[in-house]
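The listed protein sequences correspond, in order, to chains S and L. For what it's worth, our numbering labels the leading residue of the first sequence as 1, then goes sequentially. For what it's worth, our numbering labels the leading residue of the second sequence as 1, then goes sequentially.
If you're looking for bench data, these hints aren't it; they were derived computationally from the structure. This structure is a prediction, so every number in the text was calculated from the model and none was measured. Glycine is no exception: its CB is placed at the ideal position from the N, C-alpha and C atoms. Among the hints, erroneous ones may be present.
What follows is a list of derived Cβ distance ranges for each label pair [to be verified]:
hint, chain 1, residue 1, chain 2, residue 2, range
1, S, Val162, L, His74, 50 to 56 Å
2, S, Cys170, L, Gly213, 41 to 47 Å
3, S, Arg226, L, Val234, 35 to 41 Å
4, L, Val234, S, Asp325, 56 to 62 Å
With a cut-off of at most 20 Å between alpha-carbon atoms, the simulated SDA-like pairs for lysine to any residue come out as follows [as the list claims (entries may be wrong)]:
hint, chain 1, residue 1, chain 2, residue 2
5, L, Lys160, S, Arg226
6, L, Lys211, S, Pro69
7, L, Lys211, S, Pro225
8, L, Lys211, S, Met245
9, L, Lys211, S, Gly105
10, S, Lys70, L, Ala216
11, L, Lys211, S, Glu64
12, S, Lys70, L, Gly213
13, L, Lys211, S, Pro228
14, L, Lys160, L, Glu102
15, L, Lys211, S, Glu106
16, L, Lys211, S, Ala65
Pulled from the structure, derived: some chain S residues nowhere near chain L, Cβ distances all over 10 Å [what the hints assert, rightly or not]:
hint, residue
17, Val107
18, Arg112
19, Gly121
20, Cys211
21, Pro212
22, Asn292
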Amino acid sequence: MAAQTAFSGGAGPSVLVRGAGVSGLTAAVTLAERGARVHVHESGPRIGSGASWQAGGMLAPWCEAESAPKDVTEQSLASLDWWDAHVPGVIRNGTLVLAPARDVGEVARFGRRTSHFSTIGEAEVAELEPDLADRFSRALFFAGEGHVDPRDALRALATRLVGLGGQITCDVPVNAGTAGYDWVVDCTGIAARDQMADMRGVRGEMLLLRCPDVTLHRPVRMLHPRIPIYIVPRADHVYMVGATMIESENAGPMTLRSMVEMLGAVYALHPAFGEAEILETGTGLRPSYPDNMPAVRRDGRHIHINGMYRHGFLLSPVRAADAADIVFGNA
Amino acid sequence: MTLFYGTELSSRLMLGTAQYPSPEILMDAVRRAGAGVVTVSLRREAAGSRAGHAFWELIRTLGVPVLPNTAGCHTAREAVTTAHMAREVFGTDWIKLEVIGESDTLQPDMFALVDAARILVEDGFKVFPYMTEDLVGAERLLRAGCEVLMPWGAPIGSGKGLNNLFGLRALRAHFPDVPMVVDAGIGVPSHAAQAMELGYDAVLINTAVAKAGDPAEMARAFAMAVEAGRMAYVADPMEMRDMAVPSTPVIGQAVL
Chain S
1 MAAQTAFSGG AGPSVLVRGA GVSGLTAAVT LAERGARVHV HESGPRIGSG
51 ASWQAGGMLA PWCEAESAPK DVTEQSLASL DWWDAHVPGV IRNGTLVLAP
101 ARDVGEVARF GRRTSHFSTI GEAEVAELEP DLADRFSRAL FFAGEGHVDP
151 RDALRALATR LVGLGGQITC DVPVNAGTAG YDWVVDCTGI AARDQMADMR
201 GVRGEMLLLR CPDVTLHRPV RMLHPRIPIY IVPRADHVYM VGATMIESEN
251 AGPMTLRSMV EMLGAVYALH PAFGEAEILE TGTGLRPSYP DNMPAVRRDG
301 RHIHINGMYR HGFLLSPVRA ADAADIVFGN A
Chain L
1 MTLFYGTELS SRLMLGTAQY PSPEILMDAV RRAGAGVVTV SLRREAAGSR
51 AGHAFWELIR TLGVPVLPNT AGCHTAREAV TTAHMAREVF GTDWIKLEVI
101 GESDTLQPDM FALVDAARIL VEDGFKVFPY MTEDLVGAER LLRAGCEVLM
151 PWGAPIGSGK GLNNLFGLRA LRAHFPDVPM VVDAGIGVPS HAAQAMELGY
201 DAVLINTAVA KAGDPAEMAR AFAMAVEAGR MAYVADPMEM RDMAVPSTPV
251 IGQAVL
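Work out the full structure: start from the sequences and follow the hints.
In structure tokens:
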């Protein structure tokens, strides 16, 4: 094991980061930037083998306040800048929140629970998203939010880490030894469930569509009392549609019911989605603590960054900084 | 005292456990409400592999009687299968039987409901059927062996309150001795108080608490309303009249 920790460069603490999802890679980069010698072990065949790969990548601190504790918004305000400074491709076009005509009351409710938006009418919706012209009479526009393609972002973080002298090894057995490192930072998400008595998985299902007939410039959240969905644009007219929230730890394939409900909502957003190709369906388990808040926990020289729930991209830079503070004695 | 299949509940407020911002907030709401029962839905894909285990464990730690439900089932067969899974998972023979007949209003399919109730009663379940306020349907459910009825107030999650006061009054009057719970459609505490004033034995709330800005505070508000409504019913409220009756008697006053 000693050979693995023989890093070139500085003499900072040696840290083993377990897990190359969004928690692990943000932690690894943050630690490496502060001078740690970082080695990332990923048990899967590639980076992002867990829930991060299925994420929406919405950087939406204000919208999340609809259902998340205030802490999520307050702690995540700096995240957008962090991502912008660390990976290419962060798009800061804001978020559009709207609802079908019969559920327009949901927009008012969403507005009561959130802040930092403007209420806009049909003309402004058309200006922001020409393809949605004449379809929605009222929407909320959160101008200060952004989004990123999670898969591109993870790849960019991995490249950055290597540039900082870090290493990433995939296909590492789960029970691989951790001897020889000064610190171990466990970012294994739901795989750490057996070590965390109060952790549970919350099932989420998502779809990737390609629809050249529709152009959207920002994440659109379509409110609905039964099936709220969001659509996040990726490059080349690819759209990520998410996501169910089911109190279940079944990571099996998407159910027909979930798919019907989500696609029905997408079709209601714009009928041209009827011609979309379904590129991919995905299921992930969001690692979650009872308060649905991401946490950093310390046990001697072991640090756990986990419980990201639905806030992985939003809060992992903040939790990474917390963990780095522990490693460098600032906590 | 109202007995639900021989059990007296510590509170006449039943709380659903879905849609809360987090399990922690859910647990806080249940505690603040002092709920007499919590209902839990069992997704079939979760039950198969016991994959909902962690969430169910959290529910169990509340120490409140659990009433599993068959939410989302559209056929009698689905509901019966789900009820059996629920009995295994939660170790209770109580089941809130939901068989949805119409996807827009989520209103119960009374025919399939009666069929499923009959099968489940034979299988030893204690069935709490989610029903419309239909008198004939109620009669059939009782004949099928149900000893509790759960008429809707309004469509699930609509928050419209008691849509058909006449129907709910008639149902209460027809079956004065059957424990009855208004389930679904309640939006604010005054709706719950109204149901209790009509003589219903309990109310079941989920969305109105879970989707409130402060679920725990709303849960407490509902608990107070349920208690107030029940007290008012027991205290025998006055009759409504079309003409005024002066609260100060006029007889005996000096005639000037």
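We went through each hint and held it up to the structure:
At roughly 53 Å, the beta carbons of S/Val162 and L/His74 sit within the given window of 50 to 56 Å. Taking the beta carbon of each, S/Cys170 and L/Gly213 are about 44 Å apart, inside 41 to 47 Å as hinted. Range check, S/Arg226 to L/Val234: about 38 Å between beta-carbon atoms, so the 35 to 41 Å window is met. For the pair L/Val234 and S/Asp325, the supplied restraint of 56 to 62 Å holds, since their beta-carbon distance comes to about 59 Å.
Of the supplied pair hints, the one linking L/Lys160 and S/Arg226 holds, its CA atoms being roughly 16 Å apart against a limit of 20 Å. At roughly 13 Å between alpha-carbon atoms, L/Lys211 and S/Pro69 fall within 20 Å of each other, so this suggested pair holds. Using a Cα cut-off of 20 Å, the hinted pair L/Lys211 and S/Pro225 holds, with the two alpha carbons roughly 10 Å apart. A distance of roughly 15 Å separates the Cα atoms of L/Lys211 and S/Met245; the hinted pair therefore holds under the 20 Å criterion.
Pair hint L/Lys211 plus S/Gly105 holds up; C-alpha atoms about 13 Å apart against a cutoff of 20 Å. Restraint check for S/Lys70 and L/Ala216: satisfied, since their Cα atoms lie roughly 16 Å apart, inside the 20 Å limit. A hinted pair counts as satisfied when its Cα atoms are at most 20 Å apart, and L/Lys211 with S/Glu64 qualifies at roughly 14 Å. Under the criterion of a C-alpha separation no larger than 20 Å, the hint pairing S/Lys70 with L/Gly213 is consistent with the structure, at around 12 Å.
In summary, the hint linking L/Lys211 to S/Pro228 is supported, as the alpha carbons are separated by about 13 Å, within the 20 Å threshold. At most 20 Å may separate the alpha-carbon atoms for a hinted pair to count; L/Lys160 and L/Glu102 meet this at roughly 18 Å. Our distance criterion of 20 Å between C-alpha atoms is met by L/Lys211 and S/Glu106, whose separation comes to about 11 Å. With a CA separation close to 13 Å, the supplied pair L/Lys211 and S/Ala65 stays within the 20 Å bound.
At roughly 14 Å from the closest C-beta of chain L, the C-beta of S/Val107 stays outside 10 Å, upholding its exclusion from the interface. Listed as outside the interface, S/Arg112 is inconsistent with that label: its C-beta sits roughly 7 Å from the nearest C-beta of chain L, within the 10 Å cut-off. With a closest Cβ-Cβ approach of about 26 Å to chain L, S/Gly121 is found to remain outside the 10 Å limit, as its non-interface label requires. The claim that S/Cys211 is not at the interface with chain L holds, since no C-beta of that chain comes within 10 Å of its own (minimum 26 Å).
The claim that S/Pro212 is not at the interface with chain L holds, since no C-beta of that chain comes within 10 Å of its own (minimum 32 Å). S/Asn292, annotated as away from the interface, has a beta carbon of chain L within 10 Å; the closest lies near 4 Å.
Comparing the model with each earlier hint shows violations of hints 18, 22; every other hint is respected.
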